[in-house]
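Trainee: So the chains spell out like this:
2 protein chains.
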Amino acid sequence: MRLTLIAAQSLDGFITRHDTPGSEFASEADRTFFREALRGFDCCVMGARSYREARTTIQKNLMPERLRVVLTRQPESFANDGVPGKLEFANTPPTQLVADLRQRNFQRCAILGGAQIHSLFLASGLVDELWLTVEPLLFGGGTALLAQRASVKLTLLSSQNLGPSTLLLKYRVEK
Amino acid sequence: MRLTLIAAQSLDGFITRHDTPGSEFASEADRTFFREALRGFDCCVMGARSYREARTTIQKNLMPERLRVVLTRQPESFANDGVPGKLEFANTPPTQLVADLRQRNFQRCAILGGAQIHSLFLASGLVDELWLTVEPLLFGGGTALLAQRASVKLTLLSSQNLGPSTLLLKYRVEK
Numbered sequence: 078m079r080l081t082l083i084a085a086q087s088l089d090g091f092i093t094r095h096d097t098p099g100s101e102f103a104s105e106a107d108r109t110f111f112r113e114a115l116r117g118f119d120c121c122v123m124g125a126r127s128y129r130e131a132r133t134t135i136q137k138n139l140m141p142e143r144l145r146v147v148l149t150r151q152p153e154s155f156a157n158d159g160v161p162g163k164l165e166f167a168n169t170p171p172t173q174l175v176a177d178l179r180q181r182n183f184q185r186c187a188i189l190g191g192a193q194i195h196s197l198f199l200a201s202g203l204v205d206e207l208w209l210t211v212e213p214l215l216f217g218g219g220t221a222l223l224a225q226r227a228s229v230k231l232t233l234l235s236s237q238n239l240g241p242s243t244l245l246l247k248y249r250v251e252k
Numbered sequence: 078m079r080l081t082l083i084a085a086q087s088l089d090g091f092i093t094r095h096d097t098p099g100s101e102f103a104s105e106a107d108r109t110f111f112r113e114a115l116r117g118f119d120c121c122v123m124g125a126r127s128y129r130e131a132r133t134t135i136q137k138n139l140m141p142e143r144l145r146v147v148l149t150r151q152p153e154s155f156a157n158d159g160v161p162g163k164l165e166f167a168n169t170p171p172t173q174l175v176a177d178l179r180q181r182n183f184q185r186c187a188i189l190g191g192a193q194i195h196s197l198f199l200a201s202g203l204v205d206e207l208w209l210t211v212e213p214l215l216f217g218g219g220t221a222l223l224a225q226r227a228s229v230k231l232t233l234l235s236s237q238n239l240g241p242s243t244l245l246l247k248y249r250v251e252k
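Sequence order for the protein chains is X and S.
First residue of the first sequence: 78, per our numbering; consecutive thereafter.
First residue of the second sequence: 78, per our numbering; consecutive thereafter.
Please keep in mind that the hints were generated in silico from the structure rather than gathered at the bench.
One or more of the hints may lead you astray.
[Unchecked claim] Here are the simulated lysine to any residue pairs, SDA-like style, with alpha carbons at most 25 Å apart:
{"id": "1", "chain 1": "X", "residue 1": "Lys137", "chain 2": "X", "residue 2": "Ala106"}
{"id": "2", "chain 1": "S", "residue 1": "Lys230", "chain 2": "X", "residue 2": "Gly218"}
{"id": "3", "chain 1": "S", "residue 1": "Lys252", "chain 2": "X", "residue 2": "Lys252"}
{"id": "4", "chain 1": "X", "residue 1": "Lys247", "chain 2": "S", "residue 2": "Lys163"}
{"id": "5", "chain 1": "X", "residue 1": "Lys252", "chain 2": "S", "residue 2": "Glu105"}
{"id": "6", "chain 1": "X", "residue 1": "Lys252", "chain 2": "S", "residue 2": "His95"}
{"id": "7", "chain 1": "S", "residue 1": "Lys247", "chain 2": "X", "residue 2": "Leu233"}
{"id": "8", "chain 1": "S", "residue 1": "Lys252", "chain 2": "S", "residue 2": "Gln173"}
{"id": "9", "chain 1": "S", "residue 1": "Lys247", "chain 2": "X", "residue 2": "Ser235"}
{"id": "10", "chain 1": "S", "residue 1": "Lys252", "chain 2": "S", "residue 2": "Ser228"}
{"id": "11", "chain 1": "S", "residue 1": "Lys252", "chain 2": "X", "residue 2": "Gly240"}
{"id": "12", "chain 1": "X", "residue 1": "Lys230", "chain 2": "S", "residue 2": "Lys252"}
{"id": "13", "chain 1": "X", "residue 1": "Lys247", "chain 2": "S", "residue 2": "His95"}
{"id": "14", "chain 1": "X", "residue 1": "Lys252", "chain 2": "S", "residue 2": "Gly240"}
{"id": "15", "chain 1": "S", "residue 1": "Lys163", "chain 2": "S", "residue 2": "Asp119"}
{"id": "16", "chain 1": "S", "residue 1": "Lys230", "chain 2": "X", "residue 2": "Trp208"}
{"id": "17", "chain 1": "S", "residue 1": "Lys252", "chain 2": "S", "residue 2": "Arg179"}
{"id": "18", "chain 1": "X", "residue 1": "Lys247", "chain 2": "S", "residue 2": "Leu234"}
{"id": "19", "chain 1": "S", "residue 1": "Lys247", "chain 2": "X", "residue 2": "Ala106"}
{"id": "20", "chain 1": "S", "residue 1": "Lys252", "chain 2": "X", "residue 2": "Pro241"}
{"id": "21", "chain 1": "S", "residue 1": "Lys252", "chain 2": "X", "residue 2": "Ser104"}
{"id": "22", "chain 1": "S", "residue 1": "Lys247", "chain 2": "X", "residue 2": "Phe102"}
{"id": "23", "chain 1": "S", "residue 1": "Lys247", "chain 2": "X", "residue 2": "Lys252"}
{"id": "24", "chain 1": "X", "residue 1": "Lys230", "chain 2": "S", "residue 2": "Gln237"}
{"id": "25", "chain 1": "X", "residue 1": "Lys230", "chain 2": "S", "residue 2": "Gly99"}
{"id": "26", "chain 1": "S", "residue 1": "Lys247", "chain 2": "X", "residue 2": "Ser236"}
{"id": "27", "chain 1": "X", "residue 1": "Lys247", "chain 2": "S", "residue 2": "Lys230"}
{"id": "28", "chain 1": "X", "residue 1": "Lys230", "chain 2": "S", "residue 2": "Pro98"}
{"id": "29", "chain 1": "X", "residue 1": "Lys230", "chain 2": "X", "residue 2": "Thr172"}
{"id": "30", "chain 1": "S", "residue 1": "Lys230", "chain 2": "X", "residue 2": "Thr169"}
{"id": "31", "chain 1": "S", "residue 1": "Lys247", "chain 2": "X", "residue 2": "Thr232"}
{"id": "32", "chain 1": "S", "residue 1": "Lys230", "chain 2": "X", "residue 2": "Lys137"}
Work out the full structure, taking the sequences as your base and the hints as a guide.
Mentor: Here's what the structure looks like:
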């Protein structure tokens, strides 16, 4: 199973504009890209905060083609939301979670954030690629792409324009 | 006089790797680009910390073709370093400094950092372009590109590869 971290950030590395939660700053071009890109994945992983922010949209769009896994310290508090095979809640370390998903025959997993989830999976050494949308904005503050210090080396795979000033950069994560 | 902010950062927006001062993380390709790019400027501005870090190199390379201005709250403590027309120390707000430089007929000024200087000049609305080298690294911590919160909109002018995985992104700063 291949893992791809997908995120959108300001040029200076913030995934939120200051204290505003979510990625409202992202361009329409990024949203279109993101929706289409997700079709290439049969599972995705996000944190509880990201889930809460997108809960309504996620619940409207549950599908057997893509399992959504929400990592949370308290899976029991989401007991009413769970739909096996479509929306599952887990309190499992990345290595165990990935082993479980592999055993269930999932092929491509998207890591969708937020920052804690990015750091957790990068630190586990399990992420194969990073697909980063870079919006033409400077925030100087907000939630950083990573929640913890890291020393990750990347190799640029491709750079493309999603919009006139919006870049999509794809990197391989060196292990 | 046109102002261009020139910096190198990790993909996630840090101009230092964790607590290591300076841009030792920057690639040889970026260093070569930076040296050549500076030739296009007849003056440049940096903060006192950046000056201290590069003092030996700067003093060896003083030239009448490019005035270096160091912004510091204590110009008097650098009295022995100053060489009028080549290396000057000032405690002047950006608007005043730029007016002074214009009056002295300087045409192109490079803003060289660090983060405080970036924020000071961006907040003044005087910066025309941002030339940002993006290295294929994630640090998750360090000195951020900007020292203060901002809401800066940019327009992408060009994107080029300096090396296989190192990008040079040039943006116009929208005012």
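Trainee: Work down the list of hints and note, for each, if the structure agrees.
Mentor: Hint by hint, here is what the structure shows:
1. Taking the CA atoms of Lys137 of chain X and Ala106 of chain X, the gap is about 22 Å. The hint holds against a cut of 25 Å.
2. A distance of roughly 14 Å separates the Cα atoms of Lys230 of chain S and Gly218 of chain X; the hinted pair therefore holds under the 25 Å criterion.
3. A threshold of 25 Å between alpha carbons decides the hint, and for Lys252 of chain S with Lys252 of chain X the separation of about 42 Å lies outside it, so the pair is violated.
4. Using a Cα cut-off of 25 Å, the hinted pair Lys247 of chain X and Lys163 of chain S is violated, with the two alpha carbons roughly 43 Å apart.
5. Only pairs whose Cα atoms come within 25 Å are accepted, and Lys252 of chain X paired with Glu105 of chain S is accepted, the gap being roughly 22 Å.
6. Annotation: proposed proximity of Lys252 of chain X to His95 of chain S holds, straight-line Cα distance about 20 Å (limit 25 Å).
7. A threshold of 25 Å between alpha carbons decides the hint, and for Lys247 of chain S with Leu233 of chain X the separation of about 18 Å falls inside it, so the pair holds.
8. Taking the CA atoms of Lys252 of chain S and Gln173 of chain S, the gap is near 19 Å; set against the 25 Å cutoff, the hint holds.
9. Proposed proximity of Lys247 of chain S and Ser235 of chain X is supported: the alpha carbons are some 18 Å apart, at most 25 Å.
10. With a C-alpha separation of about 11 Å, the suggested pair Lys252 of chain S and Ser228 of chain S falls inside the 25 Å cut-off, and the hint holds.
11. Under the criterion of a C-alpha separation no larger than 25 Å, the hint pairing Lys252 of chain S with Gly240 of chain X is consistent with the structure, at around 20 Å.
12. As the CA atoms of Lys230 of chain X and Lys252 of chain S are separated by approximately 35 Å, the hinted pair breaks the 25 Å bound.
13. In summary, the hint linking Lys247 of chain X to His95 of chain S is supported, as the alpha carbons are separated by about 24 Å, within the 25 Å threshold.
14. Taking the CA atoms of Lys252 of chain X and Gly240 of chain S, the gap is about 20 Å. The hint holds against a cut of 25 Å.
15. Under the criterion of a C-alpha separation no larger than 25 Å, the hint pairing Lys163 of chain S with Asp119 of chain S is consistent with the structure, at around 10 Å.
16. A distance of roughly 22 Å separates the Cα atoms of Lys230 of chain S and Trp208 of chain X; the hinted pair therefore holds under the 25 Å criterion.
17. With a C-alpha separation of about 20 Å, the suggested pair Lys252 of chain S and Arg179 of chain S falls inside the 25 Å cut-off, and the hint holds.
18. The straight-line distance between the Cα atoms of Lys247 of chain X and Leu234 of chain S is roughly 20 Å, inside the 25 Å bound, and the hint therefore holds.
19. About 20 Å separates the Cα atoms of Lys247 of chain S and Ala106 of chain X, which keeps this hinted pair within 25 Å; it holds.
20. The straight-line distance between the Cα atoms of Lys252 of chain S and Pro241 of chain X is roughly 18 Å, inside the 25 Å bound, and the hint therefore holds.
21. For the proposed pair Lys252 of chain S and Ser104 of chain X, the alpha carbon gap of about 19 Å is at most 25 Å, so the pair holds.
22. For the hint linking Lys247 of chain S to Phe102 of chain X, the alpha-carbon distance of about 20 Å falls within 25 Å, and the restraint holds.
23. A C-alpha spacing of about 30 Å is found between Lys247 of chain S and Lys252 of chain X, which places the hinted pair above 25 Å, so the restraint is violated.
24. For the hint pairing Lys230 of chain X with Gln237 of chain S, the CA-to-CA distance comes to about 20 Å; that is within 25 Å, so the pair holds.
25. At roughly 19 Å between alpha-carbon atoms, Lys230 of chain X and Gly99 of chain S fall within 25 Å of each other, so this suggested pair holds.
26. Proximity of Lys247 of chain S to Ser236 of chain X is assessed by CA-CA distance (about 14 Å); at most 25 Å being required, the pair is judged to hold.
27. Between the alpha carbons of Lys247 of chain X and Lys230 of chain S the distance comes to roughly 23 Å, so the proposed pair stays at or under 25 Å and holds.
28. Using a Cα cut-off of 25 Å, the hinted pair Lys230 of chain X and Pro98 of chain S holds, with the two alpha carbons roughly 19 Å apart.
29. With a CA separation close to 20 Å, the supplied pair Lys230 of chain X and Thr172 of chain X stays within the 25 Å bound.
30. Of the supplied pair hints, the one linking Lys230 of chain S and Thr169 of chain X is violated, its CA atoms being roughly 40 Å apart against a limit of 25 Å.
31. Restraint check for Lys247 of chain S and Thr232 of chain X: satisfied, since their Cα atoms lie roughly 21 Å apart, inside the 25 Å limit.
32. For a cut-off of 25 Å, the pair hint linking Lys230 of chain S to Lys137 of chain X is broken: about 34 Å separates their Cα positions.
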